[in-house]
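K.L.:
Keeping the supplied structure of chain R fixed, place chain S upon it in accordance with the hints.
Chains as they are written, first to last, in the UniProt record's numbering: chain R, 1 to 406; chain S, 1 to 406.
These aren't lab readings, by the way, just hints derived from the structure by calculation.
Possibly wrong hints are sitting among the right ones.
For identical chains, the list gives no copy identity; a pair is met inside one copy or between any two copies.
[Stated by the list, open to error] SDA-like, lysine to any residue: derived pairs with alpha carbons at most 20 Å apart:
#, residue 1, residue 2
1, 372, 235
2, 278, 244
3, 5, 117
4, 5, 270
5, 372, 274
6, 278, 375
7, 278, 373
8, 278, 247
9, 372, 234
10, 5, 155
11, 278, 264
2 protein chains.
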Amino acid sequence: MHNLKIDGDRLWNSILETAAFGGTPDGGVRRLTLSGEDRAVRDWFRHKAETLGCRVSVDAVGNMFAVRPGSDAEALPIAIGSHLDTQPTGGKFDGILGVLAGLEILQTLQDAGYQTRRPLMVVNWTNEEGARFSPAMLGSGVYAGVFDRTYAESRVDAEGITFADAIEAIDYRGETPIGEPRFAAMFELHIEQGPVLEREAFDIGAVTGVQAMRWYDLTVIGRESHAGSTPMDMRQDALADAANLILTTQDIARRHGGMATTGQIGITSPSRNVIPGKVTMSLDLRHENDDTLQAMEQDVRAAMQRQCGERAVLTGIWDSPAVHFDAGCLAAIRDGAAAAGASHRDIVSGAGHDSVYISRVASTAMIFVPCKDGLSHNPAESATREQCTLGAQTLLNAVLAYGEQQ
Amino acid sequence: MHNLKIDGDRLWNSILETAAFGGTPDGGVRRLTLSGEDRAVRDWFRHKAETLGCRVSVDAVGNMFAVRPGSDAEALPIAIGSHLDTQPTGGKFDGILGVLAGLEILQTLQDAGYQTRRPLMVVNWTNEEGARFSPAMLGSGVYAGVFDRTYAESRVDAEGITFADAIEAIDYRGETPIGEPRFAAMFELHIEQGPVLEREAFDIGAVTGVQAMRWYDLTVIGRESHAGSTPMDMRQDALADAANLILTTQDIARRHGGMATTGQIGITSPSRNVIPGKVTMSLDLRHENDDTLQAMEQDVRAAMQRQCGERAVLTGIWDSPAVHFDAGCLAAIRDGAAAAGASHRDIVSGAGHDSVYISRVASTAMIFVPCKDGLSHNPAESATREQCTLGAQTLLNAVLAYGEQQ
Chain R
1 MHNLKIDGDR LWNSILETAA FGGTPDGGVR RLTLSGEDRA VRDWFRHKAE
51 TLGCRVSVDA VGNMFAVRPG SDAEALPIAI GSHLDTQPTG GKFDGILGVL
101 AGLEILQTLQ DAGYQTRRPL MVVNWTNEEG ARFSPAMLGS GVYAGVFDRT
151 YAESRVDAEG ITFADAIEAI DYRGETPIGE PRFAAMFELH IEQGPVLERE
201 AFDIGAVTGV QAMRWYDLTV IGRESHAGST PMDMRQDALA DAANLILTTQ
251 DIARRHGGMA TTGQIGITSP SRNVIPGKVT MSLDLRHEND DTLQAMEQDV
301 RAAMQRQCGE RAVLTGIWDS PAVHFDAGCL AAIRDGAAAA GASHRDIVSG
351 AGHDSVYISR VASTAMIFVP CKDGLSHNPA ESATREQCTL GAQTLLNAVL
401 AYGEQQ
Chain S
1 MHNLKIDGDR LWNSILETAA FGGTPDGGVR RLTLSGEDRA VRDWFRHKAE
51 TLGCRVSVDA VGNMFAVRPG SDAEALPIAI GSHLDTQPTG GKFDGILGVL
101 AGLEILQTLQ DAGYQTRRPL MVVNWTNEEG ARFSPAMLGS GVYAGVFDRT
151 YAESRVDAEG ITFADAIEAI DYRGETPIGE PRFAAMFELH IEQGPVLERE
201 AFDIGAVTGV QAMRWYDLTV IGRESHAGST PMDMRQDALA DAANLILTTQ
251 DIARRHGGMA TTGQIGITSP SRNVIPGKVT MSLDLRHEND DTLQAMEQDV
301 RAAMQRQCGE RAVLTGIWDS PAVHFDAGCL AAIRDGAAAA GASHRDIVSG
351 AGHDSVYISR VASTAMIFVP CKDGLSHNPA ESATREQCTL GAQTLLNAVL
401 AYGEQQ
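Okay, chain R solo, but in the shape it has when bound (with noise of 0.2 Å):
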């Protein structure tokens, strides 16, 4: 067992530092991947680590490696992983925080002298918001052979500017091959972007998977009529069907244990007194286990048989898969927590991160720390810097003992 401390001061004011590059005056981050402010983070990234004793490689989609050589040179390094990219009204933590506790724990092994058997690394993957180029989560995506190269090459931007314009903009098409360095087990450290933590008073979350999700196209058919010569009893109002249907799948949700989400809802021609003819909305069923998000979907698709008939349809539009983190890495991260005296639970991340893909490749885990009012993708995104000292210090704590182990 180790006595290293995480320097709680000295990660907050790397984490205010960064927050320059595309700062913003509401105090917000706007760092898109592959602009000019994602080049001087990546800038300033290389450098620290550099300092820090690191040989930094780049691959082509300009994932960026820091490696910290371990006592054993055969050994496959254990990585700290996450991003450094924001959505364009992003806050200051939102993948940050995972790569700078990687550089603070670096810091913190060099002011001990600590020598590590494993090499660490620490790793910033490109484009995980997916903002600029969609789709999200490429960079590790491109690593973990989720995606080709060249289709990462070939995307995008909303001002027609391709990825690989934009990467050679900014000189950042390294020449590591796709898929190295491995790395025997990745860790990342990131905020929950949601309340659960906050509201149950945990300080670490050990997270267990991703949800499984689906997203769906539902439309509903009435019969556009006026409002004022329709009886209640005549109608056939597409809008208190889809009402229906938006309560009728939370419902469904609820005693599931899953969550149900209409984010978008339309009226076609809509009219202040006409009884609406068209309604089209989205809907958004998640599960952590995946047979039960199938069973969601068949209560879903039975309900609007009920309640509507043929004048209801639902279209798949999207269905990603459940995630399972792995269970050696998830020990380390419950026993590091308690090491740290933080208290903690399982918790399983709703949200998409670059462990997804990487989880296909290489033993991982993620540790959540609370956000205030689960705020995130806003400039008001917010953690103390005692969650991120303790957050940062359970990481430390699994990222040794489990390099040791394995």
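P.N.:
Using the frame of chain R, we list chain S on its own:
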């Protein structure tokens, strides 16, 4: 008692003939008020009325009065009035039927050499639809003193043309003073624009009045958060609240025998995987009784408070009290329907009509005939030759009986 019979084929042919003014390839009519098409049908109307022995006068807002003299030079006329303008995607019956039935009645009287005691008058009211110049029922409103003439003239269409310029352009600004010629009563024949008569298989509706109606904007504030990381029981979903309120307001309407419609709904910054933080929607409440409408509004406010507390706000934007038509006119309509061999029931209009404003200055009532599927403001708007004939015959019977009695 008379033996006069409407010529249903002749009425039907005049409906088809005038549908050419602004006729559209889909069988509809686009005849916006004070347009070139409106001028053409106005010229047709004037010519037709003059061949039937009428003197045609026009007031400053283009209302047209075709008067057929009676035997009593001192008696005020009985008016038969509606409108010849249509919606942009209008049909062949809305408004038009009431004017053409008036001409058909004059033709029937002329053919029979029938002299009435009171003069008869057929009126074409300007801009009933309100589609080109808001508000609706503008010409009858000016006649009845509800709107100033200068207010009407200052109204502007979507292309920036004022009512005053538009009426000049088609040369239909007349010399007759506003509020003249006066008349003793008005009867308006109109399609129902709703499904009640058709579904209950009645030929005629004796329209006892027009529902009270109120328009509102309803806003619900929730808390925007991530669809994947916010458990169901930690959400403040503005759309779920709105869905509940849509259903609750409709339940309230049913309980009171009124109507509630939400025809517009929008989420602020909608996103498929974000729980809606703010929803704005319309609410249209109607009831034939003013006091009951007030009770409905109170129930809606109580339900909003109960379900959402201060997070839901209801803002009234329009309030139109109930209109009750004249008992004498209604008796003549019911008797007239019976004499025509037409089945009839009393009915309350859900939509506004020129008769609403005219009822403030003269005894007024309306006759409804069924229309297919309750459809109106639509090229597919349809009524049968037989339905139109029974309506016109009822109108003839009512006008003659009322004119002799009063």
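K.L.:
Under the constraints set out in the numbered hints, which ones does this structure not fulfil?
P.N.:
4 and 10
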